[in-house]
Amino acid sequence: MNDNAPGSVATAPARRRLPRRRAGGSSLDPHEKRRALLLVSPAMIALAIVIGYPVVRAIWMSFQADQHVENGFFVQGGFAGLDNYKHWLLQRCGDVACPPGSTGSSFWEVVGITLFFTVVTVSIELVLGFWFAMIMNGKFRGRGLVRAAVLIPWAIPTAVTAKLWYFIFSYDGIVNHLFGAHVIWFGDKWAARSAIIVSDVWKTTPFMALLILAGLQLISDDVYEAAKVDGASAVQRFWSITVPLVKPAVVVALLFRTLDVLRMYDLPQIMTGGGAGDGNDTTTLSILVINETRNGFNSAAALSTITFLIVFGVAFLFIKFLGASATGAEPKAKR
Amino acid sequence: MRHLRTATSLVALSLVTVPLAACGGGGGGGGTSNDAFKQHLTDRGPITYVQGKVNDNATHAIIAQWNKLHPDEKVTLKEQTDEADQQHDDLVRNFDAKNADYDVVSVDLVWTAEFAAKGYLQPLTGDLAIDTDGLLDSAVKGAQYNGTQYAAPTTSDGGMLYYRKDLVKTPPTTWKELFDDCKIAKQAHIDCYAGQFNKYEGLTVNASEAINGAGGSIVDKDGKTPTVDSPEAAAGLQVLVDGFKNGDIPKSAITYTEEEGRSAFESGKLLFLRNWPYVYGLAASEASSKVKGKFDVAPLPGLDGVGASTLGGHNTAISAYSDNKATAIDFVKFLQSADIQKEYMEKGSLAPIRAEVYKDPALVKKYPYLPTLLTSIENAVARPITPYYQAVTKAIQDNAYAALKGSKTSKEAVKDMAAAIQAASSGQ
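So the protein lines, in turn, are chains A and B.
Sequential numbering of the first sequence, starting at 1, is according to this note's numbering.
Sequential numbering of the second sequence, starting at 1, is according to this note's numbering.
Honestly, the hints are just simulated from the structure, not real lab data.
Just so it is clear, CB atoms sit at the ideal spot from N, CA and C, and this is done for glycine as well.
It is possible that some hints are incorrect.
So, partial list: chain A residues that the calculated Cβ filter (under 7 Å) puts toward chain B [as the list claims (entries may be wrong)]:
1) V69
2) A97
3) G101
4) A181
Let the sequences and hints guide you as you build the complete structure.
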């Protein structure tokens, strides 16, 4: 997945490098080539151990059947073909459709919930993060303090955040007191989802804001001054200068956040345990994976492989569409 | 540039995605196991005893006693977290790794079958057999799997009905009587009844009690064939559904675990509460309790007569991989002895597994609920005994919860429950 790494490590000017790459990078003499390989090999080996092995192992496990009981004892399941994937994607439990109350029956619902959380939280975070970044980018007294203050939610460990919001949204909690409401936040489907969304937005908007702030700071004041001289209004300056120039940073922030939410586990696990509504209405894919490990590691491996592919697919789309156009529009794109 | 970006993004992506995939690790082991069953049967030496976080005043003292008596075979206590799921997973990890440091382990009743079927637990047969004379029958059966004793019962547990004796003169014995008494709650402007209805193991316990108390059953005697799709079971579940519907059970009770219910009862906001014996001591003594001297306990209600509690409690088992099994079995027997059982009760409020202890006059004086608890445990029904318990309990919880929420009828719920238990116990 990173065979480009050797080429990219060399910091030759882009113009010289392009034709070289087309020729397969063969302009290095064999001696240089061997040394380059030697230099990157420790990194490659480390990556193979910490990334390659678990991925391959999980995929291998996903094609094995879980242990089952024979004569009272669990025995190894053997090769299962696509059965574990059928269990999730087609919701087949053996020869029958998975009945309600089995993990398999909730798969598509859980995919929907995960995507729902992703779209909603990332959208809200993008808008708020952009706003925060604009504020922090301004010049005013106490700017350092504001920047530090905005960072605090992000610096708090997620587990602590989750517990904090758990207390805030509990039935006797401050939210109900403040609004004189009697909402059972973790009982109702939409109340529970809103609580989780609020907590997640609170916690990760700073991250978004910081990445966008970094992008904003790369935009030179000259550009704005020139626009002002040409008579561009504040709105025009925002849409024609700020937005296109900050886009690469925003795309990176969006990508990271999207991947994060797709794998969200701790926040809903601690706040609702994946419950609410009809009982599984805040279960994300990662929570389902953990729940399934108690039934069997191999079917859980299949589910985590599916999750992996979903996350990978979304990331690919991001890089392919948003990333590509960002690079095209921004010749000096720094990453 | 573009390739560089793609490459680095993909690497970054892999870094964030991999931990997920890596969750799948482990999962080996198992099989009929176990040559380990034949090893170290007569060996003696220091051992480790593993249990969940100690929150009673008995365990440390009991281990200290043993260590004083057996200086060469000392027991070291290893405490796990106080979360049941984490305790379960910790045990699985260590057994899977054949860790010889986990000699004697405290096993929740409902995990016993799973661990036995995985070959983790040393069968208590031959030289390691325990004397079950004088032990409560239900507790002994709860430590068996496929007719073999795989663990020794150590503490038992049963649900009881806590009621406000200042408001209710004679405690109800049936659901009808209980809900008739709800008018008293209305007059006093408090809620009527609550149990554990959040979607977790507590719901399995409460739903099973409702079903068993109405003459239904969850599974057959074999511990796995579902029998829950019956009119009786549906009627039992319907009692709770109706309670939620007409407000006799407060809406917030859908989020209750043991502690939320206890706090509602102790603050005087609840007329009836189904809970475990540990509440008794706390409600009678805690400074924040407003019901001191105003409550008592009764057996759980049923549809037409006294109901059936779900059996709780812990077994003590010996790891198949222990190096000192002779010491281990001695320690297990020590925990079962009458004196220690008394101490568990006296200092830790942990329900004994010996009937005689419940009748000990000194103890009954201190814990007036003991006779009620004995009735409860003697009539208790075990939860399904199956190696696939995790999936079976989910089948019960998910469907009971949906019924309580009103999104499916009791009839549909028990039908789905049966189908899901069937799928779960065939390992799907």
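Looking at the structure, which of the earlier hints fail to hold? Hints 2 and 4 contradicted; others consistent.
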